[in-house]
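Colleague: In case you want the letters, here they are:
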Amino acid sequence: MKVEFLTDFPDRLSPMLVKELRQGMRTKAFVGVFLTLQIILCVILLSAVAAASSDEAGEIISSTIFTMFSIAVLIIQPMRGITALSSEVKGNTIDMMVLTRLSAWRIVTGKWASIVSQSALLLVTIIPYLILRYFFGGMNLIGEIVLLAVLFLSSAALTAVTVGLSASSSVILRTLLLIALPIAAFFLLLGGLRGGDISTYFALDTEQSRIFVSIYLAACAYLGFFMLSIGTSLIAPYAENHSTLRRLISLVVTIIAAVLGSMSFTDTDALPFYLMFVLLPVFAISLSEFAPLAAPTYRKFEKRGPLGQLAGLFLFPGWASGFFFCLLLTGISTAPFLINQPSYGGQDHFIYGLACLAGLLFPAVIINVFRINGPQRVSNYVLILLASVVLSAVLAGITDSLSNENLLWLFCWIPPVLMFLEEAGGNDDEVMYASLVICIICLGTLLLRAIHAYRKSIMDIRAHSDSE
Amino acid sequence: MSNAAITVHNLYRFFGPLQAVNGVSFEIPHGSVCGFVGANGAGKTTTMRILASLDYPTMGHAEICGINVTHHPAEVRRLIGWMPDHFGNYDNMTVLEYLDFYARALGYKGAERRQRIDEVMDFTDLVPLADRFSNKLSKGMTQRLCLGRSLLHDPQVLIMDEPAAGLDPKARVELKHLIRVLAKEGKTIFISSHILSELGEMCDSLLFINNGRIVHHGDSESLKKSTDLLGGVLYDVQLDGDPQALSDWAVLQPNIEFLESRKNGGRIRIDTEDPNKAADVLARMVKDQLRVVDFHREQRNLEDAFIDILANLEKNQPAFATPPPLPIEEK
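Just so you know, the protein sequences line up as chains A and B, in that order.
Quick note on the numbering used here: the first sequence kicks off at 1 and runs consecutively.
Quick note on the numbering used here: the second sequence kicks off at 1001 and runs consecutively.
For reference, chain B alone in the conformation it holds in the complex:
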C-alpha cells in the first residue's frame, strides 16, 4: 500500500485494438496539485476515468489513498471528487435543487445537508444563482456548479478533466482562484488541461502523456530547464515588411529553426545559448536584407517544452522518461 494520494502502477487500458493507456505509472503525493497534459486522444480522460472508478483497467492497478479503485470503488468514491470534461445539466431543476439532489444522494440528511450545501454555495459563489434553472447557466456558472457538486462530500482528492475548456477569461480566472484555494486547504488535485501556461502556474508537478505513455513527470521549472539544453534558445523577430521573408530565410540557415509565424515576423530557435552566436544571426539577417525592427530573447514556455518532448519522441529519443516495459503477455 502506498502513502501517495494517487498511485498508478503499470496501467493498461485497451479498447479492442486501440491502446488508450499503455503502461502508465506515476504517484502524486498528498496535498499536491498535478497537471495532466497531453494531446487529444493521448489517454488523459481514460486514465482519469479509471482513477474515478468509472472505468476499469485491462491490466495494472490504480489506488486512491492506498485503496484499489477497481476492487473497492465504493470506498474510493467517498475520497474523490470528479469533474468530467463535458456534462449536461438537468431540465426543470434549479441550482439549489441540483445540489440538494446530490447531497441527498451522498447520504446527507437534515441540518447536515443544509450545512454542506450552504458551504459549497458560499465557496463557489452560487448563492445568487440558487433559484436559476441549472440548464440556463453560462458555461462558467455551470463549471462552478459542477465544482460545487464535486465538493459536497469534502473529498480528499479532486480529479478534474479539462475544467477550463470553453470558459471565457473571467470564468477561467475565477476557476483558477477556486483551485488555488482548494490546494491551500490541502486537497490533492489532479487536473488536465490544454492551457499549459495556466497549469504551470497552478501545479506542483506536471505529467505529460503521449500515445498512452507518460513521457514526463516533474515540476514545470525542471521541464523548462531540461528542454533548454536540448532545444536551444528562442527569439522573437519582428520585421518591417513581408513577415514571410523570415521563414524563407530561416529555412536556408544552419542551426536555426523557424517555429511559428507572428503578426510581423515570427519565432525562431537558435541551437545554442551563446549570445555571440545570436549576435551573428542578427548580423546575418541584416546582411541578407531582412529589415529587422525587433530581435529579443523569449522565455521558453510549457507549450515549447511539450512540443520539444513530442519532437524528441518522434526521433525515438525518450529523453525524459522511459516508458515502463510491456507486461509479459504483451511481449
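One chain only, chain A, in its complex shape:
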C-alpha cells in the first residue's frame, strides 16, 4: 500500500516554515482570530454602509479596521510565539531537529516566519475592507497604507521578541513577557486606535516623517534580528558558532549609529537612547554567552595568523571574548560624544553614560561572581537587568516620598540607582565619583574573570589539539 504524497508546499520553502504552517493553520488560535476578525469587519462595514450619509463613516471604518488588525497582529499573533521554542525544548523534539540539516538559526526563523506569514494572511484579508473604505472618502491613502505596513512590521518585531525569548526555560521571564507584551502593544495600538490622525505622520511627505519611519523600521529589523539571535543561542548545539556573525552585524550597526551621531544627523538628546537601544541586546547576549570555544572555530581564526587571533579576542564564542567585544563597542559608541563635546559637556551626560555602562555590566558581574552557569545565562542576565531597573525605580519612588536621598545612596551599588540619584538632584560630583567607582569595579571584576576564562578556553583547545 502506498501513501499519497504531500504536494501542499513546494520544496524550495524552508522545512520549518512548512511544518509550522501545517500546524499553525490548524490551531484554534489562528482560526479563531481569522474568523472573528472577518465577522467583526463585515458587521462594521455593513453598519457603516447603512450610515453612509454620516461624514465620519469613513473615519470610523478606518479606526475599526486598524484597531481590530492591531489587536490581532500586535497582541494575539506575537503571543502565539511565547511557547514556540519552549514547547520544542520541553517535548525533547529540539534535539531531533538539530540532528537534521536545520541549523538553530533556521529553526528559530522558521518558527518566526510561520507566525509572521499568518499575520500577513490577516493583513491580506483586511485589504478589501480598506478598498471599500476608500469609497467613503477622506482617506489618507499613502499614510494608511504605510501605517498598515508599520503595524505589520511592528508585529514581526514583537513576534521575534516572543519567539526569541520562548527558548528560555525561565518561567519568570516568559511570564514577564506575557505581561509586558500587551503593555508594549498598547502603546503601539494607540497608533491603530487613532489610525486616521496618525496616518498623516506616516505619509512620508515630509523629511521628518521619512526619517521617523526609516529609523522605526531599522529599529524593528535590528530588534527582530537580535531577539531571534537570542533564541538561536539558547537552542544551538555548542559546536555551532553564531557569535561571530552576530557580533560583526552589531559592530556595523554601532559604527553606523556612531557615525550618524558624529555628523549631528540625529537629535543630540536622542543619541544616547539610540546607542542604548543598539548596545543593550549586544551586551545581553555577549556578556552571557555560554557556548564554549570549539576547536574548529578556533582553528579558523588561528590559521589567519596574529590578525586572526586578535579578531578572535573579540569574536570567539563565549562570554569572555564577548566582554572584550563589549569594551570595543563602548569605545566606538563614545566617539560621537567626544566629537560633539560641546553638546555633551554637562556632567549629567557623563553620569548617565557611566551609569548605563555599569548597568549593562552589572548583571554579568552577578552572573560571574555567583557562578550562575548553564545555557540560561541570557535569561538570567535579562532578569537581573530588569530587577535592577525595577528595584531602582521603587527605591526612587520611596526616596521621593521621604524627601531623603540616603536610601538611594545605600543602594548606589545598583547602577540604575545612580541615574535616579542624579534625577533626585544629588550632588553632581559625588554622584559622578560614585558612578565612576561602580563602573570601574564592574569593569575590573569582569576584566579579571574574562582574561582568566579566555586564557583557559584557549589552553583547553590547544591541549586538546596536542592530545590528538
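Keep in mind the hints are simulated off the structure, nothing from the lab.
For clarity, every value in this text was computed on a predicted model and none was experimentally measured.
One or more hints might be untrue.
To be verified - Covered, in the sense of this in silico footprint (three residues per stretch, anywhere, with C-beta under 8 Å from a C-beta of chain A), are these stretches of chain B:
| # | region |
| --- | --- |
| 1 | 1078–1084 |
| 2 | 1088–1098 |
| 3 | 1269–1280 |
As the list claims (entries may be wrong) - Only pairs whose alpha carbons sit at most 27 Å apart, straight line, appear in this in silico DSSO-like list of lysine-lysine:
| # | chain 1 | residue 1 | chain 2 | residue 2 |
| --- | --- | --- | --- | --- |
| 4 | B | K1139 | A | K28 |
| 5 | B | K1170 | B | K1184 |
| 6 | A | K90 | B | K1136 |
| 7 | B | K1287 | B | K1263 |
| 8 | B | K1176 | B | K1136 |
| 9 | B | K1136 | A | K28 |
| 10 | A | K300 | A | K456 |
| 11 | B | K1136 | B | K1170 |
| 12 | A | K303 | A | K456 |
| 13 | A | K90 | B | K1139 |
| 14 | B | K1176 | B | K1139 |
| 15 | A | K90 | A | K28 |
As the list claims (entries may be wrong) - Just so you have them, the derived chain B footprint on chain A, three or more residues with Cβ under 8 Å:
| # | region |
| --- | --- |
| 16 | 11–22 |
| 17 | 177–185 |
| 18 | 294–304 |
Even for Gly, the Cβ is constructed at its ideal location relative to N, Cα and C.
Fit chain B to the supplied structure of chain A, relying on the hints for placement.
Modeller: Same frame as chain A, but now just chain B:
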C-alpha cells in the same frame, strides 16, 4: 583514526560537582549490536547524547566512524540515527506530515523524498497510520514513528536510548524484530535498556556502566560465565507453607545467600557448583522442617550478572574491567 563504528576514549562529562561520565573508553565494531546497561543516573544517556553530538565532553573524545563528534558534528549527524528516551509529538500534524518534515529537514527533495518516506513507512509498518495525528498514537506506534524518523537518512549507526521503555509486550516484540532486521542489514546499533534479557538476545556485546565508569564490556555468554565463577549456582526453592521460612532459614546458613522472594518460596545462591553440596543443602532444609516441594537449579541471567558486578564493585573488587585512570589535572 579508528576503524570502529563507535570509539569513545577517556570520556568525561561533569555537571558542576556531578561526574556523570567518568573516564569511559570503549569501541564498537561496524555492523554489531551493543547493549548499554546501567542503573538510572549511571551515565548512559549522557554518553549517548555526546555520541549523538547533542552534548559535549568535559574531557576526552568520541568518534563515529572515525569522525570526532565534537569537532565535526554536522558530518557525524549524517552518519547517525538518534532515538531519545522520551520525546513529545507535534500537535496538528499527521504521521505522513511528520516524516515529510524530517525528510525535508534532512535535505531530501521531490521523488527522492517520496521514496525515502515510502521505504521507511513500509519498514516500520506506518502506512495504515499515515493520516493519523502523531500526538494521538499509542506508545508503540510513537516508537515506530521515531524509529522511522531516525532511519530516514539511512544512517550507518543507530543510537537508541531506552527504546523499549513503556512499551507493551506486543510493541516490544515488534520493536525487537525491527532492530534484528536492521542489525541484519549491517547497521551498527548502540542500544540502552533496562530489560537485560532482551538485550542479551539481541546484542553481540554488552557494556555495563556504573557511576559513570564502564565496569564490563563483552558478550553476554562471557558475562554469565565469569560471574558463575564468582557467584556460585542459583536454585529456585518452592515450599508448602510460609515462604518467609526460607529466607529466615537461609540467613542462618553458611555459604547460602537468599536472593529474592517468589510466590511460594524464593531464589537462593549456593557458593559452589558441586551437586553434592546442593544435595546437602536440600537435606538440611528437610531436616530443618522446611516443606520443600520443588528444588531446581536455575540458569543465571543477565540481571544476576549485573547485580553481581555491582556487588563486586561495592566490595572494591573491580573484577571485570579496570576503570581508566583519571586525567592528570584530576589527580
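Colleague: Given the hint that K1136/B pairs with K28/A, does the C-alpha gap stay at or below 27 Å?
Modeller: At roughly 17 Å apart (the allowed maximum being 27 Å), K28/A and K1136/B satisfy the hint.
Colleague: Mind taking a look at whether chain A covers the region 1088–1098 of chain B? Criterion is 3 or more residues with CB to CB distance under 8 Å.
Modeller: holds (count 8)
Colleague: Can you tell me if the region 11–22 of chain A counts as covered by chain B, using C-beta to C-beta distances under 8 Å and a minimum of three residues?
Modeller: holds (count 6)
Colleague: Does the structure keep K90/A and K28/A at a Cα separation of 27 Å or less?
Modeller: 21 Å, holds
Colleague: Do three or more residues of the region 1078–1084 of chain B come closer than 8 Å to chain A, measuring C-beta to C-beta?
Modeller: It holds: at least three residues are needed, and the region 1078–1084 of chain B offers 3 whose Cβ sits within less than 8 Å of chain A.
Colleague: If you draw a straight line from the CA of K1170/B to the CA of K1184/B, is it 27 Å or shorter?
Modeller: 21 Å, holds
Colleague: Would the hint linking K300/A and K456/A be met if the CA-CA limit is 27 Å?
Modeller: 19 Å, holds
Colleague: Given the proposed pairing of K1287/B with K1263/B, does the C-alpha separation stay at or below 27 Å?
Modeller: 23 Å, holds
Colleague: Check whether the Cα positions of K1139/B and K28/A lie no farther apart than 27 Å.
Modeller: Holds. K1139/B to K28/A sits at ~26 Å (cutoff 27 Å).
Colleague: Given the proposed pairing of K1176/B with K1139/B, does the C-alpha separation stay at or below 27 Å?
Modeller: Judged against 27 Å, a Cα distance of about 15 Å means the pair holds.
Colleague: Can you tell me if the region 294–304 of chain A counts as covered by chain B, using C-beta to C-beta distances under 8 Å and a minimum of three residues?
Modeller: Since 3 is at least three, the answer is holds.
Colleague: Are there at least three residues in the region 177–185 of chain A whose beta carbon sits under 8 Å from a beta carbon of chain B?
Modeller: violated (count 0)
This entry does not satisfy hints 3 and 17, going by the numbered hints stated previously.
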